[in-house]
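Q: Chains as they are written, first to last, in UniProt numbering: chain A, 1 to 422; chain B, 1 to 422.
Simulated from the structure, these hints should not be mistaken for lab results.
Possibly wrong hints are sitting among the right ones.
One copy or two, it doesn't matter: identical chains are merged, so the pair holds either way.
Derived pair list, reagent style EDC-like, types lysine to aspartate or glutamate, alpha-carbon separation capped at 20 angstroms [to be verified]: (1) K2 - E47; (2) K314 - D349; (3) K50 - D35; (4) K50 - D74; (5) K215 - E396; (6) K314 - E342; (7) K154 - E396; (8) K2 - E51.
2 protein chains.
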Amino acid sequence: MKAEIIAVGTELLLGQIVNTNAQYLSRELAAMGIDVYYQTVVGDNMERLKEALRLSSSRADIVILSGGLGPTQDDLTKDALASLLNRSLHIDRMAMDRIERFFQDRGVVMTENNRRQAIAIEGGTPLPNETGLAVGNAITQDGTHYIVLPGPPKELIPMFEQQAKPWLLQHVLTDELPIYSKMLKFAGIGESALDERLSDLITEQTDPTIALYAKDGEVTVRISTKAASESEAMVRLDELQERIRERGPEFMYASEDVPIEKVIVDTMADRGLTLSAAESCTGGLVAESLTSVPGSATMFLGGIVSYTNEMKRKLVHIPQALLEGDDAPGAVSREVAQALAENVRLITDSDFGLSVTGVAGPGYAERKPVGLVYIGLSQRGRETEVHELNLQGNRETIRLRATKALLYRLWRRLVSEGSEQA
Amino acid sequence: MKAEIIAVGTELLLGQIVNTNAQYLSRELAAMGIDVYYQTVVGDNMERLKEALRLSSSRADIVILSGGLGPTQDDLTKDALASLLNRSLHIDRMAMDRIERFFQDRGVVMTENNRRQAIAIEGGTPLPNETGLAVGNAITQDGTHYIVLPGPPKELIPMFEQQAKPWLLQHVLTDELPIYSKMLKFAGIGESALDERLSDLITEQTDPTIALYAKDGEVTVRISTKAASESEAMVRLDELQERIRERGPEFMYASEDVPIEKVIVDTMADRGLTLSAAESCTGGLVAESLTSVPGSATMFLGGIVSYTNEMKRKLVHIPQALLEGDDAPGAVSREVAQALAENVRLITDSDFGLSVTGVAGPGYAERKPVGLVYIGLSQRGRETEVHELNLQGNRETIRLRATKALLYRLWRRLVSEGSEQA
Chain A
1 MKAEIIAVGT ELLLGQIVNT NAQYLSRELA AMGIDVYYQT VVGDNMERLK
51 EALRLSSSRA DIVILSGGLG PTQDDLTKDA LASLLNRSLH IDRMAMDRIE
101 RFFQDRGVVM TENNRRQAIA IEGGTPLPNE TGLAVGNAIT QDGTHYIVLP
151 GPPKELIPMF EQQAKPWLLQ HVLTDELPIY SKMLKFAGIG ESALDERLSD
201 LITEQTDPTI ALYAKDGEVT VRISTKAASE SEAMVRLDEL QERIRERGPE
251 FMYASEDVPI EKVIVDTMAD RGLTLSAAES CTGGLVAESL TSVPGSATMF
301 LGGIVSYTNE MKRKLVHIPQ ALLEGDDAPG AVSREVAQAL AENVRLITDS
351 DFGLSVTGVA GPGYAERKPV GLVYIGLSQR GRETEVHELN LQGNRETIRL
401 RATKALLYRL WRRLVSEGSE QA
Chain B
1 MKAEIIAVGT ELLLGQIVNT NAQYLSRELA AMGIDVYYQT VVGDNMERLK
51 EALRLSSSRA DIVILSGGLG PTQDDLTKDA LASLLNRSLH IDRMAMDRIE
101 RFFQDRGVVM TENNRRQAIA IEGGTPLPNE TGLAVGNAIT QDGTHYIVLP
151 GPPKELIPMF EQQAKPWLLQ HVLTDELPIY SKMLKFAGIG ESALDERLSD
201 LITEQTDPTI ALYAKDGEVT VRISTKAASE SEAMVRLDEL QERIRERGPE
251 FMYASEDVPI EKVIVDTMAD RGLTLSAAES CTGGLVAESL TSVPGSATMF
301 LGGIVSYTNE MKRKLVHIPQ ALLEGDDAPG AVSREVAQAL AENVRLITDS
351 DFGLSVTGVA GPGYAERKPV GLVYIGLSQR GRETEVHELN LQGNRETIRL
401 RATKALLYRL WRRLVSEGSE QA
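Extracted from the complex, chain A is given alone in its bound form (with noise of 0.2 angstroms):
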């Protein structure tokens, strides 16, 4: 099956927005096992884009279409479709029903030119939109299937995954089996150091296929079988999950589409525990990043940036004596990191207390290179544990990457401590 994507509309050509769409559609596309060959963005512009609709007609099997479905007399791409297509534009009743609705709830009088959002094209199922009003479409002529979905990514995504996805497994992936997919998550390990460990698997795969994305200091491998059903797909899934889990057990937090910090939380959560940071070179994103989790209200107690010396002292009490001096370990040292955790953790009476304190650059601090840091790791009744990390990248990424190598540090030791429990 061979598709192409087309999306519509001219603040893509202007560069005002990224074309989010077409990444998502393509991964998703990728795991029904159907190859993308082209995505073209064309303009609001009924002489081009029907030139664009011509071609991919002419070349693929499945043509999915994004954006141009909005009120104006912009939106064209209904319009267009139905003139390539020879066939008639109808008001969809129940799409037209949603939006007299949405206007009168909110007591406001709808323009006519919002009737456009309820056009639905001769012979094609309407493809309801639940979190808007432009209702897609999905049709098939002379051997080409095309999807018709709306602009915005709140309104695509739950439109592809509700409504176009099971139309195209029930009448376009009639004789294929559906396809299941299990993401897994590591962290602590880079993409390149995880491909290697996973090359022959990568390399013999056929199904289940393997596929491998970096982003944000973690690695998704996502797994994907076609099957007759889902129970016959998990045994598969479950099997090969366990074949690349041994190849680095310590890395892998997750078996589902999680950031690390949520899997913390959770656990955490779960087991009544605490948590408390103490932050420099960070400057919050460690507390940004666990309190991003809804729920973490429960085990995230309290978060320190103390960025200067003053306020390493003031606020979590670290001697003067560590600071500065010329026998002084300094701010960005060891010690210092595994007072800040243990202080912060006393501070706030929390089972847990982290730490970071490096130089995320520009510019050296003490003599100290940019990517220097140290983490440190305290808890109650345990030894403190501070790692160095020499980190490459620009502020930004340093700060990121010393924020998610402390994450994997907590995760690392509360798996160790469930595994104690058990």
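Got chain A; can you put chain B on it based on the hints?
A: Just chain B now, with coordinates in the frame of chain A:
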């Protein structure tokens, strides 16, 4: 001038990465007065790449290619273009020297396939790669201009800025005047509200042109003009800038493309002022934003993330009577925002103290609705101001908007202080 952008790379068609290059190039071309009619993505496949090239050549004056310049057999862009144009390939000596030096410096043996990165097309202009190894190319044939750029944005952007853009101005846009732009930055006002205030200016625009973009709680207005000289352009741009500023002088915080936290850090560092922050629902985002700016170490003294009531008492000395009890206003209140801002300022002995307390959701707190946030701004010798916000969106959006609203209030205060001083 009509342009098309072709991005080459199977990783784009698999959805592993998003095509930010197309956005960057589209925006840059638009600013130069060049219309982009199509963006295309094609995989690492010689036949389909040549088909895409042929089609773009037949329609456009300028074809910009990105990606496919690496060392592997998959990297086909220059081969495809040379084949289409019936030109030979050769090794560019300067690029080859650079590659050899790169490996020598690292004491690593260069594998033979790295020579591919130095390939240039006969009769074209090699575009040096300042941040990577693969050389770019610019070439004109049969009235169409081709520019070949590397895929990684950190190589593509500098090569476009320093090599491709000057080449286009000198060889292609010779009859046209160069374009000059300014970026005006706004905070504290939404994109649609600003759009409305500027609507007559936008409607009547010819030259200079006006374009609005919104991102992360800030709005950017780009104004551009064609002019024979920079000084002539600046006269026109400064005049339009003044007309735009007049429509919302209290919202425009910069006439260059910087985030508001950068303006705050620079202004405070200049004036020798210091700052601290006590955060609840933003969980460290205020501290993280400010400390993301290089040089913030001199003005940002410390931050406290007091997520729980106990920590508000312990770390920021908030009276129990404000937090709990039948008559207590509770943690999410005007009173607590005020106390947090004042106390963190006193604890750290800084000139300004910031605070945020609110409900970021999901789920209610103290029977208060999601999105209710109080922000506080305390200043040495001045009355503390507190603002109530009622924010829409998910947890992430509410945290971001609360942070930006607080930074906006701080910037306003700095502006009024500055004018009092002056």
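Q: I'd like to know which numbered hints this structure contradicts. Please list them from smallest to largest.
A: When the structure is compared with the hints, none of them turns out to be violated.
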